[in-house]
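Throw the hints in and build the complete structure from the sequences for me.
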Amino acid sequence: MGCTVVVGGASSSERSAIERLFVERDQIFSRFRPGSELNVVNDAAGRPTRVSALFAEMLGVALEARRESGGLVDPTFGAELEAAGYDRDFSLLEEGPTAPARVSRSGEPVRVNGTSVLVAAGVRLDLNGVVKGRTVDDALTLIDGAGFVSAGGDLATRGGIVVALPGGGTVRLVRGGLATSGTDRRRWVRGGRQLHHLIDPRTGRSADSPWEQVSVCGASCVGADVAAKTAFLLGPAGPAWLDALGLPGRFVASDGAVRVNRAWQQSVKRPAACT
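Read in my numbering, the sequence shown has 114 at position 77, and its numbers run on one by one without any break.
For the record, the hints were derived by calculation from the structure and aren't laboratory data. Think of the CB as a built atom: it goes at the ideal place given N, C-alpha and C, for glycine as much as any other residue. One should not assume that every hint holds.
Derived CB-CB ranges, DEER-like [to be verified]:
1) LEU91 to ASP292: 40 to 48 angstroms
2) GLY107 to ARG84: 24 to 32 angstroms
3) SER291 to GLY39: 22 to 30 angstroms
4) ALA277 to SER49: 40 to 48 angstroms
5) VAL60 to ASP280: 35 to 43 angstroms
Rendered as structure tokens:
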């Protein structure tokens, strides 16, 4: 998944089980493994493909995220991400002279019938966001007692943990998940333009947002991750959107200025869980 996984409060056997879980999910859902189930589905675009129950479940989570985000967090924009230049492991990306190409889209991009998936021709799925968050949540259930699991900074905890925040400062997360979505780490240059991995479905290109990083606290890591991406893509409307859902959000602007929404202010004034 291109990130470091940190586990706290687990026994040796529990850590081994968590490691196996992350390895299994990476083998199934990686965009960069030729034989992954994700790439098998993508390479069969235009034809129905029988998938595993786990794949169908994760795709269902991703499509629900698309619905709840008003179409902003969309798992069907993998082709646009590749067209922008993110077509290999991030550590292997190099600056390129060619500007991103536009991807033609028409009709329903993906249809699911049980464990049969039909991806439209020209469409490629990218499930990494929901897979990482859901795997963090699933890994936490493998710990018997208080503990936490963090993958690339997105985490879930049971029992409380102090978390460092982007731009400085800390917050104590009592239980639930905390996820950060932003452009400070995964950026590259194509055709003289600085691009990033957060594709705006409204344009099919790297999003233009006033935020560099958005952190959201929620009942689960996957839920917090979806909310953080949505708030990032909503730009100036992000804080109010999170407030309407009662989700604490913290926003770091491109100039380093930090803004928090009302729900974040209220949550840190009392010893309550981020749920």
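Each hint, compared with the structure:
1. LEU91 to ASP292: 40 to 48 angstroms: holds (42 angstroms)
2. GLY107 to ARG84: 24 to 32 angstroms: Between GLY107 and ARG84, where Cβ atoms are some 30 angstroms apart, the hint holds.
3. SER291 to GLY39: 22 to 30 angstroms: holds (23 angstroms)
4. ALA277 to SER49: 40 to 48 angstroms: About 46 angstroms separates the Cβ atoms of ALA277 and SER49, which means 40 to 48 angstroms holds.
5. VAL60 to ASP280: 35 to 43 angstroms: Holds, at about 39 angstroms.
Consistency with the previously given hints is maintained throughout, with no hint failing.
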